[in-house]
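Just so you know, the sequences run in chain order A and B.
Numbers 1 to 112, taken from our numbering, label the letters of the first sequence in order.
Numbers 1001 to 1116, taken from our numbering, label the letters of the second sequence in order.
Treat the hints as calculated values from the structure; they're not laboratory data.
Some clues are possibly wrong.
[Claimed, not checked] Straight line, CA to CA, 30 Å or less: simulated DSBU-like cross-link-like pairs of lysine-lysine:
id, chain 1, residue 1, chain 2, residue 2
1, A, K57, B, K1108
2, A, K14, A, K57
3, A, K99, B, K1049
4, B, K1049, A, K14
5, B, K1058, A, K57
6, B, K1108, A, K9
7, B, K1068, B, K1049
8, A, K57, B, K1068
9, A, K99, A, K71
10, A, K99, A, K14
11, A, K71, B, K1049
12, A, K9, B, K1068
13, B, K1068, B, K1058
14, B, K1068, A, K71
15, B, K1058, A, K99
16, A, K83, B, K1069
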Amino acid sequence: DGGITQSPKYLFRKEGQNVTLSCEQNLNHDAMYWYRQDPGQGLRLIYYSQIVNDFQKGDIAEGYSVSREKKESFPLTVTSAQKNPTAFYLCASTIGGSKGYTFGSGTRLTVV
Amino acid sequence: AQSVTQLGSHVSVSEGALVLLRCNYSSSVPPYLFWYVQYPNQGLQLLLKYTSAATLVKGINGFEAEFKKSETSFHLTKPSAHMSDAAEYFCAVSDGGGGSNYKLTFGKGTLLTVNP
């Protein structure tokens, strides 16, 4: 069955380290998105990509970076410049229109 | 610009009672509207969507929602709550466009608690 796979499910980072969260989809979707979720704040858009080798900043891109070298993959790097990275991170994809998003199961990142 | 307002960040009901989660939207074009459910430490799962066909939309797990253009609302209901319905619910709107600007706009979510 097609879907989106996020890994790892739990991730621990030491302060000052960069970490990369994986997002892979086999739905043949063109568009992919990264959201950050904090309690009581809903979903906040970090980055999104509509096609390979192109991506745009969302509302809270500072301290994050992405790449889109393959249609299936959209990894998110949380850099040391992100001062408060502890959060739940969600990846999503879509073919647009009336389809809405398909979400991955999320990665919980904790700074230790 | 689109926006979504979910009234009530936390709703508590008794098992067997009616569930009503409110969502109002603004959109400059006829919208597509979605309700998603999120269980703890999981991703969001699509409950139902409105795509300009029937205004009363039925989804999974006995939920339904009614699109009311005059009220710019898309409230989610379920006649009888079950303990397994306890989760966070998100309303979202899209203008349905394709291309480089396709994004859903989400509300801030409503946490549903079901009491035995």
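Hint by hint, here is what the structure shows:
Between K57/A and K1108/B the alpha-carbon distance is near 20 Å, which keeps this suggested pair within the 30 Å criterion. A hinted pair counts as satisfied when its Cα atoms are at most 30 Å apart, and K14/A with K57/A qualifies at roughly 25 Å. Restraint check for K99/A and K1049/B: the C-alpha separation of about 9 Å stays at or below 30 Å, so the hint holds. Simply put, K1049/B and K14/A have alpha-carbon atoms about 41 Å apart, too far for the 30 Å limit, and the pair is violated.
In summary, the hint linking K1058/B to K57/A is not supported, as the alpha carbons are separated by about 35 Å, beyond the 30 Å threshold. Of the supplied pair hints, the one linking K1108/B and K9/A holds, its CA atoms being roughly 23 Å apart against a limit of 30 Å. Note on K1068/B and K1049/B: the hinted pairing holds, with a Cα-Cα distance of about 14 Å set against a maximum of 30 Å. With a CA separation close to 33 Å, the supplied pair K57/A and K1068/B exceeds the 30 Å bound.
Proposed proximity of K99/A and K71/A is supported: the alpha carbons are some 18 Å apart, at most 30 Å. A C-alpha spacing of about 38 Å is found between K99/A and K14/A, which places the hinted pair above 30 Å, so the restraint is violated. Restraint check: the Cα-Cα separation between K71/A and K1049/B comes to about 26 Å, which is no more than 30 Å; the hinted pair holds. Of the supplied pair hints, the one linking K9/A and K1068/B is violated, its CA atoms being roughly 39 Å apart against a limit of 30 Å.
For the suggested pair K1068/B and K1058/B, the alpha carbons sit about 15 Å apart, so the restraint of at most 30 Å is met. Note on K1068/B and K71/A: the hinted pairing is violated, with a Cα-Cα distance of about 38 Å set against a maximum of 30 Å. For the hint linking K1058/B to K99/A, the alpha-carbon distance of about 16 Å falls within 30 Å, and the restraint holds. A threshold of 30 Å between alpha carbons decides the hint, and for K83/A with K1069/B the separation of about 42 Å lies outside it, so the pair is violated.
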